[in-house]
Structures are given as C-alpha cells and as structure tokens.
Amino acid sequence: EAGVAQSPRYKIIEKRQSVAFWCNPISGHATLYWYQQILGQGPKLLIQFQNNGVVDDSQLPKDRFSAERLKGVDSTLKIQPAKLEDSAVYLCASSSFRTEGSGANVLTFGAGSRLTVL
Amino acid sequence: SQQGEEDPQALSIQEGENATMNCSYKTSINNLQWYRQNSGRGLVHLILIRSNEREKHSGRLRVTLDTSKKSSSLLITASRAADTASYFCATAVVANAGKSTFGDGTTLTVKP
Chain A
1 EAGVAQSPRY KIIEKRQSVA FWCNPISGHA TLYWYQQILG QGPKLLIQFQ
51 NNGVVDDSQL PKDRFSAERL KGVDSTLKIQ PAKLEDSAVY LCASSSFRTE
101 GSGANVLTFG AGSRLTVL
Chain B
1 SQQGEEDPQA LSIQEGENAT MNCSYKTSIN NLQWYRQNSG RGLVHLILIR
51 SNEREKHSGR LRVTLDTSKK SSSLLITASR AADTASYFCA TAVVANAGKS
101 TFGDGTTLTV KP
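Protein chains in written order, with this note's numbering: chain A, 1 to 118; chain B, 1 to 112.
The set of hints was computed from the structure by calculation and includes no laboratory data.
A couple of the hints might just be wrong.
[To be verified] Listed next, the in silico EDC-like pairs over lysine to aspartate or glutamate satisfying Cα-Cα at most 20 Å (straight line):
| no. | chain 1 | residue 1 | chain 2 | residue 2 |
| --- | --- | --- | --- | --- |
| 1 | A | LYS44 | B | GLU53 |
| 2 | A | LYS83 | A | ASP63 |
| 3 | A | LYS44 | B | GLU5 |
| 4 | A | LYS44 | B | ASP104 |
[Stated by the list, open to error] Here are the simulated distance ranges between beta carbons:
| no. | chain 1 | residue 1 | chain 2 | residue 2 | range |
| --- | --- | --- | --- | --- | --- |
| 5 | B | ALA95 | A | GLY72 | 41 to 49 Å |
| 6 | A | LYS78 | B | ARG54 | 40 to 48 Å |
| 7 | B | SER39 | A | LYS83 | 34 to 42 Å |
| 8 | B | PRO8 | A | ARG16 | 20 to 28 Å |
| 9 | A | VAL106 | B | ARG54 | 37 to 45 Å |
| 10 | A | SER7 | B | THR77 | 37 to 45 Å |
Even for Gly, the Cβ is constructed at its ideal location relative to N, Cα and C.
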C-alpha cells in the first residue's frame, strides 16, 4: 500500500512569512495527526483529526497555526506568520483508530517536511 | 508536557551485543508503543503493548511493561549496524487512546 505522502520536503522562509504543508494519509485511515519535531526532541502532537473533525488541538498555537482536513482525506497545516522557533520537521501520520473504539492507534508516518525559518 | 521519558539519552554498543532502553511515564495508559527513526526520516512503528500485557516479542525485539512502576523496556538482541537509529516510546492514555505522546528518545549507535 502507498505510504503517507507529504510535501514539500524542505522549505526555507523568512520570519513573518507564511508556509503551508500538505499531507495525504493512507487510504481508509480515519485518523490523521500533525506532529512538530524540533531537532533533538521527540515529536509533539499539534492536532489530531478523525475524518474531518478535530479530536485534539490542545497544543496547537492557534494564533499562528491552522490546520484543516475538509473532505476527511488530505490535510493542510499552515503557519502564518512564522517565527524562528517554528524551525522544525513537521510530521504527518495516519492510523485506522476511531474514538468509537475500533482500529488500533498504530501510526504510519510520512517522511516529514523540514522547515527552516531565517 | 512529556508523558514518556526514555533512558539513556544515548547508547553506543558493538555489533552483536544487546541494547536495552527504558521508558518511564506518569499517568495510567491504554497502551505503549515503540518507534524507530533513522536520521532524516519519519518514524516507523516497531511494537505495541497494551496495559494488560506484560511482555511482547517481535523478531529480535522484546518489550516489557510494568504498570505498577509505570515503566517499559525495549531490548534489541544481537544488534546490527542497521539498528543505529533513535528509538521513541509513545504512550496513549485511556481518555484518548488515539493520542500518542512521545518522549525525546534514545539514540542508539551500533558499531560494526
């Protein structure tokens, strides 16, 4: 089966500019996640979707970050305006997990989008 | 806030030796998972252990879970140079079993 696709792989922007990342999860996976991974740290969850609804966005900096999954498949994560501390790898993952209790929360990750903010 | 914390932060061993890394967590969990990340790549799922399980095996991997101590260990036997990577534990709490919270990982270097 095809994996989780992400683009772009690399992006360099100036601070206060905007950037958008795109993710296409594994077909049929209900749950989609965006994680931020700063160099030397573990991934930190930004947002969790089930289909096109938000399950958890408690750690998403909503003043500058936004994410959507309009048709319950692809997702976009946007940062506007970017700050220096947003330099990180943005990982998208998907799983068959559903909050109703079916599916396992085994995550399949994409290769990530590396953002450098200058 | 971090739910899981791995120990040690870094581990260097010779090929053929066993590698053990540990994970401690703070609150009751639904399950605990281990993932591997090669440099510059995404994470790859290795193994999942549920809160009512004590030990699981997968090939050269052995995972134990002690819920009374809120800790888990990952043992890689007969290590190979290709096992060089960062290893992360991820915990999912009962309230949201779909939300995996990661620690900062153990960096394993296996010298040929």
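* To do: Assess, step by step, whether the Cα of LYS83/A is no farther than 20 Å from the Cα of ASP63/A, and give holds or violated.
  => 12 Å, holds
* Asked: Does the Cβ-Cβ separation between PRO8/B and ARG16/A fall within 20 to 28 Å?
  -> Distance hint for PRO8/B, ARG16/A is violated at roughly 40 Å.
* When you check the alpha-carbon spacing of LYS44/A and GLU53/B, does it fall within 20 Å? -> With a Cα-Cα distance of about 26 Å, the restraint between LYS44/A and GLU53/B is violated, given a limit of 20 Å.
* Holds or violated: are the alpha carbons of LYS44/A and ASP104/B at most 20 Å from each other? -> 10 Å, holds
* State, for the Cβ atoms of VAL106/A and ARG54/B, whether the hinted interval 37 to 45 Å holds or is violated. => At roughly 20 Å between Cβ atoms, ARG54/B and VAL106/A fall outside 37 to 45 Å, so the hint is violated.
* Asked: Can the suggested window of 41 to 49 Å be confirmed for the beta-carbon pair ALA95/B and GLY72/A?
  -> 23 Å, violated
* To do: Mind checking the hinted window 34 to 42 Å against the Cβ distance between SER39/B and LYS83/A?
  => Between SER39/B and LYS83/A, where Cβ atoms are some 26 Å apart, the hint is violated.
* **Supplied distance hint 37 to 45 Å, evaluated on CB atoms of SER7/A and THR77/B** => 38 Å, holds
* LYS78/A and ARG54/B, beta-carbon distance inside 40 to 48 Å? -> Since the Cβ atoms of LYS78/A and ARG54/B sit about 44 Å apart, the hinted range of 40 to 48 Å holds.
* Asked: Holds or violated: are the alpha carbons of LYS44/A and GLU5/B at most 20 Å from each other?
  -> Given pair LYS44/A, GLU5/B holds - Cα atoms ~13 Å apart, limit 20 Å.
In this structure, the earlier hints numbered 1, 5, 7, 8, 9 are contradicted, and the remaining ones agree with it.
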